[in-house]
Every structure is written in C-alpha cells, then in structure tokens.
Amino acid sequence: MAHPQPKQAPAANVLLVVDDRQENLAAMEALLDDGEWQVRTVDSGEAALQCLLEEEVGLVLLDVQMPRMDGFEVARLMRSSPLTRYTPIIFISAIAHTQDAVLRGYASGAVDFILKPFDPQVLRHKIQSLLAHERNRRDLLHLSQQLDSARAFNASVLENAAEGILVVGEDGLISFANPAMAHMLQGTVGDLVGRPLLSLIAYPEVGGEWKLSDFYRHWKQNETYRLHDACLKTLGGERLPVALSSSPLPRLQRSMVVIALDMSVVRQLHAQLESQAITDALTGLLNRRGFHQALEASLARIERNGKRMAVLYLDLDGFKLINDSLGHEAGDRVLRRVAEQLKNCLRPYDILARMGGDEFTALLDTLDHPEDAARVAEKLIELVSVRHRIEGIDITLGASVGIACFPECGQSVDGLLRAADIAMYEAKRAGRQQYRFYSPEMNGRARSRLMLEESLRNAIEQKDFHLVYQPQIHLETGRLRGFEALLRWEHRVAGTVAPNVFIPLLEETRLINRLGDWVLREGASQCSAWGASFGQDLVISLNVSPVQFGMPQLVDDLRRVLGEFNLRPEQLEVEVTESALMQDLELTRDQLRQLRALGVRIAIDDFGTGYSSLAYLRHFELDTLKIDRLFISNMLESRRDAAVVSTIIDLSRHLGLEVIAEGVETIAQRDWLLEHGCTFMQGFLVAPGLPVAKAEAFPRLVDWRALREGAAGSLLPTPSS
Numbered sequence: 204m205a206h207p208q209p210k211q212a213p214a215a216n217v218l219l220v221v222d223d224r225q226e227n228l229a230a231m232e233a234l235l236d237d238g239e240w241q242v243r244t245v246d247s248g249e250a251a252l253q254c255l256l257e258e259e260v261g262l263v264l265l266d267v268q269m270p271r272m273d274g275f276e277v278a279r280l281m282r283s284s285p286l287t288r289y290t291p292i293i294f295i296s297a298i299a300h301t302q303d304a305v306l307r308g309y310a311s312g313a314v315d316f317i318l319k320p321f322d323p324q325v326l327r328h329k330i331q332s333l334l335a336h337e338r339n340r341r342d343l344l345h346l347s348q349q350l351d352s353a354r355a356f357n358a359s360v361l362e363n364a365a366e367g368i369l370v371v372g373e374d375g376l377i378s379f380a381n382p383a384m385a386h387m388l389q390g391t392v393g394d395l396v397g398r399p400l401l402s403l404i405a406y407p408e409v410g411g412e413w414k415l416s417d418f419y420r421h422w423k424q425n426e427t428y429r430l431h432d433a434c435l436k437t438l439g440g441e442r443l444p445v446a447l448s449s450s451p452l453p454r455l456q457r458s459m460v461v462i463a464l465d466m467s468v469v470r471q472l473h474a475q476l477e478s479q480a481i482t483d484a485l486t487g488l489l490n491r492r493g494f495h496q497a498l499e500a501s502l503a504r505i506e507r508n509g510k511r512m513a514v515l516y517l518d519l520d521g522f523k524l525i526n527d528s529l530g531h532e533a534g535d536r537v538l539r540r541v542a543e544q545l546k547n548c549l550r551p552y553d554i555l556a557r558m559g560g561d562e563f564t565a566l567l568d569t570l571d572h573p574e575d576a577a578r579v580a581e582k583l584i585e586l587v588s589v590r591h592r593i594e595g596i597d598i599t600l601g602a603s604v605g606i607a608c609f610p611e612c613g614q615s616v617d618g619l620l621r622a623a624d625i626a627m628y629e630a631k632r633a634g635r636q637q638y639r640f641y642s643p644e645m646n647g648r649a650r651s652r653l654m655l656e657e658s659l660r661n662a663i664e665q666k667d668f669h670l671v672y673q674p675q676i677h678l679e680t681g682r683l684r685g686f687e688a689l690l691r692w693e694h695r696v697a698g699t700v701a702p703n704v705f706i707p708l709l710e711e712t713r714l715i716n717r718l719g720d721w722v723l724r725e726g727a728s729q730c731s732a733w734g735a736s737f738g739q740d741l742v743i744s745l746n747v748s749p750v751q752f753g754m755p756q757l758v759d760d761l762r763r764v765l766g767e768f769n770l771r772p773e774q775l776e777v778e779v780t781e782s783a784l785m786q787d788l789e790l791t792r793d794q795l796r797q798l799r800a801l802g803v804r805i806a807i808d809d810f811g812t813g814y815s816s817l818a819y820l821r822h823f824e825l826d827t828l829k830i831d832r833l834f835i836s837n838m839l840e841s842r843r844d845a846a847v848v849s850t851i852i853d854l855s856r857h858l859g860l861e862v863i864a865e866g867v868e869t870i871a872q873r874d875w876l877l878e879h880g881c882t883f884m885q886g887f888l889v890a891p892g893l894p895v896a897k898a899e900a901f902p903r904l905v906d907w908r909a910l911r912e913g914a915a916g917s918l919l920p921t922p923s924s
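FYI, the numbering for the sequence shown is 204 to 924, going by our numbering.
For the record, the hints were derived by calculation from the structure and aren't laboratory data. Take these hints with a grain of salt, some might be off.
[What the hints assert, rightly or not] Straight-line alpha carbon distances no greater than 16 Å define the calculated EDC-like cross-link-like pairs of lysine to aspartate or glutamate that follow:
1. 436 with 426
2. 582 with 553
3. 319 with 239
4. 319 with 223
5. 523 with 711
6. 546 with 568
7. 436 with 408
8. 666 with 720
9. 423 with 465
10. 510 with 373
11. 666 with 581
12. 436 with 373
13. 666 with 711
14. 510 with 575
15. 897 with 878
16. 523 with 574
17. 423 with 373
18. 631 with 710
19. 510 with 568
20. 666 with 624
21. 546 with 499
22. 546 with 562
23. 631 with 725
24. 510 with 571
25. 631 with 711
26. 523 with 710
27. 414 with 373
28. 414 with 465
29. 631 with 571
30. 510 with 553
31. 546 with 574
32. 582 with 611
33. 510 with 574
[Stated by the list, open to error] Beta-carbon label-pair distances, calculated as ranges:
34. 485 with 548: 17 to 27 Å
35. 289 with 531: 10 to 20 Å
36. 552 with 642: 20 to 30 Å
37. 599 with 740: 24 to 34 Å
38. 792 with 225: 52 to 62 Å
39. 599 with 289: 21 to 31 Å
40. 669 with 552: 30 to 40 Å
Ideal Cβ placement from N, Cα and C applies to all residues, glycine included.
Could you build all of it, start to finish, from the sequences and the hints given here?
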C-alpha cells in the first residue's frame, strides 16, 4: 500500500490523489506535482481516509472504482466527518459517464465528475479554482472561529481589518463601522453609523421588525449567527455578495459584532466552475450536463405554452477513421470545425451541445410541424457531409441523425434523448448519411440489441468464445494446406449464436478489440502445437476485423505473437475483407506493406461481395483471394456466377495469387473448380469448422476417390500420411 509522505505545505495547497492503480498514481503525480501545490498519492479508500485524519487536505481527486471501498463510499465518509465535511472532491473515473453515475457522484458530495481520458489543462484550471475557493473557505472558517471565542477587540485591529466589521446595538442600529465596511458599501463610516442593520440586508429577505429577526434572536440567546450566502445593499444601490457572522459581545456592552467577508471573487469562481461544468471544453458548446439542464428547462416552459419541439441526435460517420489514422489532435480540429458549422446552421435560440466523442445534439424549440425538424436534419447532414482537408489529406465525413419529437416520442429528458439516440442508430443501420424519426418499433429492436451487447460483454468476461478450425485442401492432390480459425460463441442459455449475428455487433461496439488479440494468440498457439503432427508448412488463417486492420499496432502484435510461439511468418495468414481494404486506400497500402515486410501471408476474404474494383488488386500486396461461398453455391446453375468465379481464378493466376474457394459442398463443385484452375478449397465437402480434438485427427491427405464414392465421413478420425 502506498503511504502519503508528509511534506510541509499550506493545508489548502495539499492535493490528495486516490486511485487503486499505481500507474495512474504515477501519471497523476507527474502531471500535477510541479510546485503549485503539494501532491499526496494513496492507492485505496482506507489510505485516503487515514491521510485525511493525519493532514489537512485542500482537494481530493478520487477514483470511483476501487476494491473494498469505492469512491462513493469514501466521499460519503468524508462528508460525515466534521474534519472533511467541506473538503472539495472531484471524481475521476473510467466508468460510463451516465446520468445515474454523475448524480450519485454529486449526491456523495463531489463538486465535479470527470471522465477519463481528460484534458490536463482543464483539470489544472479546475484544481486551481477549487484550491483558491478552499483557501477562502478556510480563511472564513478560521475567522469565524476567532470571532466565536473573542469578546473584545483592539481598536487598531478594528480600524485596520480587511474584513468589514460592524458593531450593532440591541436596538438594531449600527454604532460602529470600520473603514473596510464603509469601502465595501461605497460610503463613509459616518454614512453607516446610526443606520438600521436590516436596511443593509438585501438577501435573505428580512422583515422590518428588528426584534423578530434572526440577528436579534441569536443575540438574545448569546449565540453566533452565520449567513454564508447573503447580500448587502451598497449605498449606491448595488448588491454585494458576502458571508456574515454575528457574535454577541459581553452582555454589559449590550451589542453584537457583525463581520462581513466580501465573496465577490468566490461567487465569480463558483460561476466559472458552473460554466465549466456545463460547457464542452473542446468546442465551447454545451456538454451533456448542460444540454440536460437546457432540455429540462425547455420542457417545463413548453408544457405551459403548448408548443412543439424536437431533439436531434447527430453522430459523425467516418470520424473514428480520422482519429485512428491522423491522431486525436487532427480529430479535435475536425470536431471544432463541425461544431462551428452546426452552430451557424441553427437558429439563434436553438440549443446545440456536444454529448461526447463525435456525437452532437440539437434542441429545436417552438416548431409548428415535425417536418420542420426533418428539414433541419437534412440541412445538417448536407452541411457536414463535405470534404475536409486535414494535414494535406482530403477526408469526407458524413452524419446520421435521429429525431425525437415532443410529446409523441417522450415527455422527459431521458425519454427524448433515448428515443433520438435509438433513431440515430436506425439511420446508421439504414446506410448512414440520413435521418430517421423515432418509432416504437425501433425501441424494441434497440432493447434487443442492448441485451445482445450486454450478453457479448459477459461472454468476453466469462470466456465463452472459442475457435474452431476448418481445413483448407489442395483441390488436385488433397494435401492439407492449413486451417482457417473461426470464432464461435456458445451462449450459456441460448446455445450456439450465429457468427453473422454477433460479429457485426462486436465490430460496431469495438468489442472486437478485446477479442482480437486473444484470437491471434490462440490461433498462433494452436499452430505451434500442431507443428509435430502436421509439419512446419501448416498455415493458420486468422480473420482480422476492419477495426483491427486500421489499428497501427497490428504489425507489432503479430510480430510479438510470432516470436512468442516460435512460428515462421509465412505460417500465419491474415484474412481481411474487401470493405476493410477500401475504407482508406492510403492506410491500406501502408498497412499491407508493413505486413508484407513482416512476412505473414495476406488474404482477401469473401472476395466478390464487396465494392472494390478489380483494378485495385494490382496496387495491393496480397497472397490469396478467397471466393465467397455465394458464388460457389450457384456457379453450376448460374452462368453469371460461373463467369465471375472463372474470371477471379484467371485474374488471380495472372497476378500470382493463390485462390481458395469457400463453401464447397459437392464433388461436382470440386471438379469444376479444379478444371478451371482453382488451387484450394474449404467447405462441408471435406469438413465444417472442427474443435481442436477433431482438427488434430484430420488427415494430412484427403482421398478424393473415397469422397467421390460417398465415404466423406471416413475422413475422421483416421489420419493418413
């Protein structure tokens, strides 16, 4: 356990960082420990509470998810202790930034809730503001404690005190005012003496009867009376925010002393913090919290005037590619440019916000018809879907928009936002760069999708995924080339889930990233284990998703796997779909060059079903084309499909590429492919995807004659040399 190291520093300048991960503590200490404040670091909630007992701390940066005692429990215990009741807390968390989490954070006593990753400059600004606020609060508390214990003051102290001081008699009239008070109220000492104290109180509202006031009541009970949130009326008619403390003087003096602390700077800091809390630091638009507040206020107003309104949820199409290929700085520039375009497109009284990432929302108030929202959505899509030039590269964005109208689609903040979000995903499903209005049917699909996504997350955690291996066979000799590793999911309740159901969702949610490295390692490990049985020429084909293919670390991951399992590069074949290759041609060429330099084999999967041009093949460094099963299944009956397959085989032969036909199920299909020059096949004619034990028993040489005679079942389990 990390223990805080005592250092000499003013209490309000001590910053305590609480996180259960040592690397996070080291990173935060490196970021923040630059002399402006003293940083303490601890790795648990218990250690944080111990530190707070031993030392006065000005601000706590608190992680939410920690073992044994999470951040919410630490905050609750801090707020229950008089020593730390007012110590500011900023939650810093990597959990989903939902409204429930935020509300729970504020209910626990936090002043802010920041989601990792965050902007270091914004964090430093917030820390500076809150530490300054805490110093002011501690100063006020210290002064109040002094006033509680003191009963008489030296005249020179009263005259030279920076705080405003009044002495008020039992009749409620001011008998003494120091120069600081006169300056605060824009007058002279003479202007104040003899005035009723209550005539200077602007807030809270007090009645005209002095003996019914809280000042008089506390004085009669010989108690100190404090108002931390009050306003005085200056002699010029302005309002001055102050904190007031009224303490009785010794009874013989029959008076009280009233201390006023100018809180203008603190209130300004509060206003700045509130503005920062509802403003997106990158674009200057409202953030999620600010949009929630604006939508809530608009709902309350619209219920009174009976007008219509709509919420638009906009997500940029193609933005992730900019971040992945050009970096986050380039992505930030695009987001700022898009935010400015969207702002200029809307009416001055419409509300625009960035919800996070590349998602924006707009609140269209006082609409006459839902069609008005559709026209705005069309305009936004047209405005965003233009070519952007970033770092000398032309990038084309798009936008998908979901529309939820009040009151049909929802009558609460959460209801409208959820409906608009669901409609936006429907627009993406329909082909992107379009808009959709919310309908109840969408909600059912969205709930099913959400349940499936949650099941996927649980399956990853519980290791419910596994690989099966489908043999790839030389069409003429029957020699085993290798296996394609196929991902399978065995749901603990629903049973086997089809790959065409879960793989698209894995890619859309980017959960494929969490499985991709496991697939590489598992496939390479199995290839290494089969070296003794199948020889060192065995090839394992591994599918790489479009998301993985666009990642810059793909080549490094493959290099590490090859070294770890002592494989030759040509024993691994990376399978990529046409659509993945065509997303960004420049990135594709660079990635393929690096893979070729590493020495692994490269195959295009499901060739012929995508949208790439055959002309691009000569620009790509490839080894293998895999003809999609749709063409193979119909080629004997369809002259067009047969022509496509024959053309692909001829083209591949001229380009020096191997061809693998997928989905071969009959001897007739095998004979046709062999006659037209295809090299390899895989499919149910030989075997489906096999579990490890059955794959190990697969023969190294397939007897085509036995298959022709109907003995396909004899391929397993007796291997042939």
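Next on the checklist: To test your reading of the hints: which numbers does this structure violate?
Outcome noted: 1, 3, 9, 10, 11, 12, 13, 15, 16, 20, 21, 23, 28, 29, 31, 32, 35, 37, 38, 39, 40
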